[in-house]
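Here the protein sequences line up with chains W and C, keeping their order.
Under our numbering, the residues of the first sequence are numbered 121 to 768, in order.
Under our numbering, the residues of the second sequence are numbered 21 to 172, in order.
If you're looking for bench data, these hints aren't it; they were derived computationally from the structure.
Please read all numbers here as calculations on a predicted model, not as lab measurements.
Calculated cross-link-like contacts (lysine to aspartate or glutamate; reagent style EDC-like; alpha-carbon spacing at most 20 angstroms):
id, chain 1, residue 1, chain 2, residue 2
1, W, K751, W, E234
2, C, K141, C, E121
3, W, K707, W, E633
4, C, K104, C, E121
5, W, K707, C, E97
6, C, K104, C, E64
7, W, K707, W, E624
8, W, K707, C, D92
9, W, K707, W, E352
10, W, K751, W, D322
11, W, K758, W, D322
12, W, K189, W, E276
13, W, K751, W, E761
14, C, K141, W, D362
15, W, K707, W, E687
16, W, K623, C, D140
17, W, K707, C, D140
18, W, K707, C, E121
19, C, K141, C, D92
20, W, K758, W, E234
21, C, K141, W, D510
22, W, K707, W, E646
23, C, K141, W, E624
24, C, K141, C, E97
25, C, K141, C, E128
26, C, K141, W, E352
27, W, K707, W, E659
28, C, K141, C, D117
29, W, K707, C, D117
30, C, K104, C, D68
31, C, K141, W, E690
32, W, K189, W, E268
33, C, K141, W, E687
34, W, K707, W, E690
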Amino acid sequence: MIAELGLAALWLAAALAALQLVAGVLALRSAGSDIAALVRPAAVVQGFLTTFAFAMLVWLFARTDLSVKLVAMHSHSIKPMIFKLAGAWGNHEGSMLLWITVMSAAGALIALAERRLPERTMLATLAAQGFVALGFYAFLLLSSNPFERLPVPAFEGNGLNPLLQDIGMAFHPPTLYVGYVGLSVAFSFAVGALVTRQVTPDFARAMRPWVLGAWIFLTLGITAGSYWAYYELGWGGWWFWDPVENAALMPWLAATALLHSVGVLAARDALRAWTIMLGVVAFSMSMLGTFLVRSGILTSVHAFAVDPERGTFILALLAIYIGGALAVFGLRAGSVAEGERFAPVSREGALVVNNVLLSAILGVVLLGTLYPLMTEAFGVRVSVGPPYFDPVGAIFFMPMMVVMAIGPFLRWRRDRLARVQSPLILAGIVALAMLALALALATPRVLPLLGLAVGAGLAAASLLALRGRDVRRLPLATWGMVVAHLGIAVAVMGMASESAFTKERLAALRVGEAATVGPWEVTLQEVTPVAGPNWNAIEGVMIARYADGAPRRLAPQARSFWAPPTETNESALETRWNGQLYAVLGKAADGGRWQVRLWWKPFVTLIWYGGVMIALGGLLALIGRVRADLKRRTVQRKAAERREGMAS
Amino acid sequence: MNAVKPKHQRLALVVAAMVALIAAAVIATWALRSQASYFYVPSEIVADPPGAGRSVRLGGMVENNSIVTQGDGVTIEFIVGDGKARVPVRFSGIVPDLFVEGSGVVAEGRMQANGTFYADKLLAKHDENYMPRELDSMTAAERDAAVAATTE
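Bound conformation, chain W alone (with noise of 0.2 angstroms):
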């Protein structure tokens, strides 16, 4: 009864969505129509019905109902309680339904609480996200329908991948999810005020929050993969340039060239074609990577349902949904283009030149995406990986690196370099202090050396950035851009330690011996069998210390799970303020020692810290700008008060 409640609704809210399409659709054609009234309405009910449908399927996975064949195919009765209730979003379909829950949730949020646009372009947005969510309605019930019946109850299940069973993994894909919904929200805007031709400051206004809300939980998303790829799959590094990865990647460069350019619309009114654009853009992305993950087109840990079929389907609704834009683009981009103009030393042309670089970023991580798909269509096997990736990204990333050093000096419409001089010469100092100092330290590649120079001198230009201003009535926006840019140089700063510092030992030790890695010397205390709820491992304790100091216990393990039988390696890490040590356990080797691998991270940690500091700095922009949107509107409210009261 359960999963038919869940079907029904799931059905209902597509007839909803296709409601709100028609019915905005024809409110346009014939303003001040009744059936304008039928939009809001419409989405906000169907949030509350998708809303139960995920329920329901949160439901059927907590009680293992195994008759239902999702639940049969991806669960297991002896799994704990925490990965069951995931498991409802750990596989295609369900996380799918996720996707639809959260963008109609967020559509009946527009319906209620959206106010600053011009009625005609709400429902055009509305009818827009209408459009693009009825796809995916149509590929849940006709292809990938989670509420399936199995003809006879399965006896059990068959599990969850263990590599899934994991806390950070448990909640990695709905984060990501509402950053690809949230771009999805500022594709239906962007698309609303394309038709309305409204294009204004006070669309920005009402554009921006979704943006910064899908940005801030993309590079979550994206922190929180890194350092789950880090810990859990054991090979030590934190990004592999793998498409799934790069599926994530795309969609939050796009995100923050948008974010910069609806700034720069919000405050000054310029840029407005190239505003809608990146909109169409950053949705394409979060469609192009569910195409990449789901279709199986690519092979990969991340991509689960491999299915051909599939992926057509995903295919058609990106072609539909991106080249439907794009013709709106093309017939409308004329007429919104108009903007004020600025020179091109000013914080506009800063931000233009930084979004020029974030596509150009974009562009090259697409092409190396791809790549391999296009070569193999000619019957070239090719793979593409860090050799490409890393230097071709720094050669954008690292002058962007500068001017985004340089563009929070600068002042909108016109400024001279030489005003803003001192503090960069400061900043540069400071980077070339930090490129002496890696210098001294070790004699690391290029690229290392460069990151740390250039994240060093990032970071002391954000910082003087506040300097001369009274930082207690600094808005919160500004402190938002501040922390988020120090962010990104503590992020980069981190990566290029680990890439240039980074010590690696790999011995197989026999019980008592010792191995040393950097500083730290680690031995081998004893092996033992341990059991889990849902595995046995074989369990490696070690006892490290670091320059003779306290002795720390790690313990990783080698992990063999029941259901499905696969085995896992996890990693042991024991974390100091400057760095990390990393430990795996490998096989039995002849003699009766024990492989191990050891790794000793100088500063490794700052990537993520950067990660967080970065979403830090959006969470402080959003709550910055609703903040001053409230103001605005009560001001408004209250002025247009007192001139009624005037003219009584």
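Given chain W, work out where chain C should sit, using these hints.
Chain C alone, transformed into the frame defined by chain W:
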């Protein structure tokens, strides 16, 4: 600088963006041609070996009874075959969980002048359904033949 006409400014922006994107495309294409690590199966790498020191990927089936562990306990040598050719591979490190004889593997590393492939990294399937994508073009029959050839 005087304020420019809006039309000219828009044109300048578009031109700047185009130049940057074309530059990105040119640099990326050039880098892809020179840096992309190409994928080889054993018969290809034997027939036409890549230059020494160039990073490439070698994919095939691990021959049965071919894995030999060296005295240091962490270095292994094994044979990768595709039914037509066999390449010795040397790897130091902890092998992936599902690296077993008679199964598919992709080794990332460099071909040495002595005909041995020195691997920096091994990629094996992550679960029973996963086959390294690059091996997809080997038909099931070819894979079986490769495994059979290696058991003799």
